[in-house]
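Asker: Line by line, the protein sequences are chains P and V. Just so we're on the same page, the numbering used here is the position in the first sequence counted from 1, plus 69. Just so we're on the same page, the numbering used here is the position in the second sequence counted from 1, plus 3.
Hints were generated in silico from the structure; no laboratory data involved. One thing to keep in mind: the hints can contain errors.
As the list claims (entries may be wrong) - Below, computed lysine-lysine pairings styled on DSS-like, alpha-carbon distance capped at 25 Å:
| hint | chain 1 | residue 1 | chain 2 | residue 2 |
| --- | --- | --- | --- | --- |
| 1 | V | K154 | V | K96 |
| 2 | V | K10 | V | K47 |
| 3 | P | K178 | V | K10 |
| 4 | V | K10 | P | K167 |
The primary structure of each chain is shown beneath.
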Amino acid sequence: MDNPSNMLNSRKVSLIAVTVAASLGSNYILIGVANVKIMDLLVFISGFIFGSLIGASVGVLIWAIYGVLNPYGFVPQIWFATMLSESVYGVVGGILGKSLSIASPSNNKILLSILFGAVGFLLTFIYDLATNIAFALTFNVPLIAALITGVPFALIHQASNAVLFGICSIPLLTVLERSYRGWNHGISKE
Amino acid sequence: MASLRNKWFLVFACILCWAIAASLLSCYYYYQYMDLVSRLEKSKAIINLGIDYGNGTRIWFNGTRGLTLYDAMLEAGWRVDAESYGAMGLYVKAINGVEQSVEQSMYWTWWLWTSLGWAHGGSACDKYVLSNGEVILWYYSYVDPKTFEMKPPT
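Go ahead and model the full structure; you've got the sequences and the hints to work with.
Answerer: Okay, here's the thing in structure tokens:
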């Protein structure tokens with residue numbers, strides 16, 4: 070007979086693999102749309118449901134593949150920076166997931182959406198800042214020039230993530246938490 | 004989550020997002036503006052600009068820089084009183100305190116030195132884009148009120 074905890078782990082791993090695959094697929098589909106990606110949202114949600122460590126791992130794993138097989142080219146320093154920066158979404162998702170319950174009736178859904186939107190915006194700001202600094206250092210571009218010329222792209226990224234986090238987080242988390250808790254048979258998050 | 008119950012936290016988060024976006028946009032446009040100014044500064048022409056008050060006094064401001072003739076006049080430190088006619092440009096009514104006189108039919112006109120002599124400037128001073136090495140003279144002179152004829156500077 071199968072060990073229930075092994076079953077749980079295999080389901081968890083499969084859900085993580087599906088999340089990574091969905092992120093990668095969406096990244097390649099949206100390759101022509103500059104800085105609009107649902108990857109960040111999926112990494113955040115992985116962290117929210119499975120905890121910071123797994124969320125961060127999902128972020129690193131996605132970039133480990135997407136950064137190497139990238140039509141825009143492969144630069145090791147940028148690749149490393151994006152892997153680390155992407156993991157921030159998972160880490161913060163995990164921290165929020167510990168203290169916030171989507172299912173709780175006491176939480177106003179509109180306020181939660183606003184909170185997720187703001188979190189998406191701020192995390193993306195940190196991500197863009199870190200990757201732009203890495204870009205400047207890698208290519209010996211003056212830091213201020215790199216940061217300022219990257220502003221239009223950063224703002225599109227931040228605005229799109231604010232909208233995606235604000236609108237999509239709650240429905241996605243509701244569905245995934247329900248599935249995950251259903252598998253858990255009432256077992257709480259690890 | 005305690006912070007969600009505290010609506011001020013959400014307000015703070017939203018204001019922080021707005022402040023970041025506004026600051027980024029301000030920095031971006033400031034940088035673009037400064038870059039444009041610096042490029043324009045490099046593309047300014049150097050001309051010889053003169054002024055003739057019609058009383059025998061002619062003063063030259065050699066090596067004056069400007070994008071347009073109006074820029075060069077301001078660069079030379081002239082006090083220019085002009086009226087805007089929209090797309091047609093500026094109409095100069097007085098320079099350095101010397102005003103046009105409708106009664107005496109004395110007006111300010113500008114002239115460009117060519118190989119054939121002085122040629123009347125064909126446009127408003129703020130619409131005329133300067134080229135390096137041009138010689139331009141502002142001339143206070145009599146204009147025939149009926150035919151609008153005027154004599155070129157001597």
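Asker: Each hint: holds or not?
Answerer: Checked hints:
Between K154(V) and K96(V), the direct Cα distance comes to roughly 19 Å. Compliance with the 25 Å bound is thereby established for this hinted pair. Proximity of K10(V) to K47(V) is assessed by CA-CA distance (about 55 Å); at most 25 Å being required, the pair is judged violated. Distance restraint check for K178(P) and K10(V): the Cα-Cα separation of roughly 13 Å lies within the 25 Å cut-off, and the hinted pair is therefore satisfied. Taken as a hint, the K10(V) and K167(P) pair is honoured in the structure, with Cα atoms around 20 Å apart against an allowance of 25 Å.
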